[in-house]
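Peer 1: Sequence:
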Amino acid sequence: MLTLDMVREAQEALRGIARRTPLDRAPKFGENVYIKAENLQLTGAFKLRGAYNKIRSLTPEEAARGVIACSAGNHAQGIALSASRLGIKAVICMPAGAPISKVEATRSYGAEVVLVPGVYDDAAAEAERLTKEHGYTFAHPFNDPLVIAGQGTIGLEILEQLPDAEQIVVPIGGGGLIGGIAFAVKQLKPDCRIVGVQAAGAASMYLSRHAGGPTELRSVSTIADGIAVKKPGDLTFALCQQYVDEIVTVSEDEIASAILALMEGQKTVAEGAGAVPVAAVMFGKVDTSEKKTVCVVSGGNVDVTTLSRIITKGLSKAGRIAEITTKVADKPGTLLQLLKVVADSGANILSINHAREDRHSDVGACVVSMVLETRDAAHVAEIRRGLQALGYELTED
1 MLTLDMVREA QEALRGIARR TPLDRAPKFG ENVYIKAENL QLTGAFKLRG
51 AYNKIRSLTP EEAARGVIAC SAGNHAQGIA LSASRLGIKA VICMPAGAPI
101 SKVEATRSYG AEVVLVPGVY DDAAAEAERL TKEHGYTFAH PFNDPLVIAG
151 QGTIGLEILE QLPDAEQIVV PIGGGGLIGG IAFAVKQLKP DCRIVGVQAA
201 GAASMYLSRH AGGPTELRSV STIADGIAVK KPGDLTFALC QQYVDEIVTV
251 SEDEIASAIL ALMEGQKTVA EGAGAVPVAA VMFGKVDTSE KKTVCVVSGG
301 NVDVTTLSRI ITKGLSKAGR IAEITTKVAD KPGTLLQLLK VVADSGANIL
351 SINHAREDRH SDVGACVVSM VLETRDAAHV AEIRRGLQAL GYELTED
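Note that the sequence shown covers residues 1 to 397 in UniProt numbering.
Hints listed in this document are in silico derivations from the structure and should not be mistaken for laboratory results. Please read these numbers as outputs of a predicted model, since none were measured by experiment. Do not take every clue at face value.
Claimed, not checked - Listed below are the simulated BS3-like cross-link pairs for lysine-lysine, each with C-alpha atoms no more than 27 Å apart in a straight line:
id: 1; residue 1: K231; residue 2: K132
id: 2; residue 1: K267; residue 2: K189
id: 3; residue 1: K267; residue 2: K285
id: 4; residue 1: K292; residue 2: K186
id: 5; residue 1: K231; residue 2: K28
id: 6; residue 1: K28; residue 2: K292
id: 7; residue 1: K285; residue 2: K28
id: 8; residue 1: K285; residue 2: K231
id: 9; residue 1: K189; residue 2: K292
id: 10; residue 1: K132; residue 2: K230
id: 11; residue 1: K189; residue 2: K89
id: 12; residue 1: K285; residue 2: K317
id: 13; residue 1: K28; residue 2: K327
id: 14; residue 1: K267; residue 2: K186
id: 15; residue 1: K267; residue 2: K292
id: 16; residue 1: K230; residue 2: K285
id: 17; residue 1: K285; residue 2: K327
id: 18; residue 1: K317; residue 2: K327
id: 19; residue 1: K313; residue 2: K267
id: 20; residue 1: K230; residue 2: K327
With the hints as extra help, turn the sequences into a complete structure.
Peer 2: The following block contains the structure:
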């Protein structure tokens, strides 16, 4: 059974182990918006808190046999570092598709990594099998009171750093993070509103809440790999039902836009899971107009290659990059005329493709596709209207 004393004991145990992460204003997202930067935590995510609190509680016999966990990456790193600090063997089962940076980081902390085909739930099944085979202690990433108590220390910190916080927006995967924060905060400040955010492509807690019990998704698909969980735990579901005021979802484009906005506005790197609270605020899913609102940016462990794709997606969503396709006559000078129109609009051409043999082109015409660097969505619309006014036929995206 989770108690406030457990959360306070975890906070004391974590002194000197986990960082007290900053809580800063984020005026670019609203005058009442603050960021709790758990992406600046050791291992790059909040998971160290719950992981260490779990492992420190092992009996000598359990510690001697070792600990096993399953994770998309952040819990893995938290367990690996905690076990290393405490001199305990750690085996981590990770989905084979987990970001390379997270896999290598987990290995660097001294854990044995087992890559399992599939998603988190498949890694969990393999971890369960190995637990029975070798007698390891299984450290669940979210459905464990000790883990939840560790994550709840973030709630205590938020109220210490911003006592007049009125709303806290938290990512949800399995529910350990929001369960811990919501429980701790509601014990001390019941009128503080707690809002959970899930990726629309992995909304297991959102759907479970509407179904009235933990519900398993057939599949999950999201760039927010840290919250790509098919089914929440029974303990975390119960905590969300009792203490979470609302759960909303955000799209992939909205997540990408939030990652980009955090980089530009807060000068901080967030992974997809960490950016979902900011996405919810940016796109009006959460009202911050009259409440001091803290967005918990839960992690920042993202591959550079993945980040590059996300940035491109975010730029496109914001109208900062646009692809325009049109037809021109296959005659000297017609391409130059088109490019002059684009140049006069203030757009910068990033790439261009001029195809005579495109299957969409008429005889005597060419298809020209351009990727443009633009100011915003209004600028893109202005360019499209200008081209259409001059008689250019534009292909819809």
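Peer 1: Are K230 and K327 close enough, with their CA atoms no more than 27 Å apart?
Peer 2: Between K230 and K327 the Cα gap is close to 46 Å, so the pair fails against 27 Å, i.e. violated.
Peer 1: Would you check the hint for K285 and K28, treating anything up to 27 Å between C-alpha atoms as holding?
Peer 2: 16 Å, holds
Peer 1: So if I understand the rule, the pair passes when the alpha-carbon distance is 27 Å or less; does K231 with K28 pass?
Peer 2: 34 Å, violated
Peer 1: With the threshold set at 27 Å, check whether the alpha-carbon distance from K313 to K267 stays at or below it.
Peer 2: Since the Cα atoms of K313 and K267 sit roughly 18 Å apart, the hinted pair holds (cutoff 27 Å).
Peer 1: For K267 and K285, compute the direct alpha-carbon distance and say whether it is at most 27 Å.
Peer 2: Distance ~23 Å between K267 and K285 Cα, so the pair holds.
Peer 1: Between K267 and K186, is the straight-line Cα distance small enough, at 27 Å or below?
Peer 2: With a Cα-Cα distance of about 31 Å, the restraint between K267 and K186 is violated, given a limit of 27 Å.
Peer 1: Are the Cα atoms of K285 and K231 separated by 27 Å or less?
Peer 2: OK: K285 and K231 at ~23 Å, within 27 Å.
Peer 1: Hint check: K285 vs K327, CA-CA at most 27 Å. Holds or violated?
Peer 2: 40 Å, violated
Peer 1: Need the status of pair K285, K317: alpha-carbon distance at most 27 Å?
Peer 2: 17 Å, holds
Peer 1: Mind checking the alpha carbons of K132 and K230 for me, to see if they're no more than 27 Å apart?
Peer 2: 23 Å, holds
Peer 1: Just to be careful, I want the Cα atoms of K267 and K292 compared with a cutoff of 27 Å; is the pair within it?
Peer 2: 21 Å, holds
Peer 1: Would you mind confirming whether the straight-line C-alpha gap from K267 to K189 stays at or under 27 Å?
Peer 2: Violated, at about 31 Å.
Hint compliance for this structure: hints 2, 5, 11, 13, 14, 17 and 20 are not met, and every other hint is.
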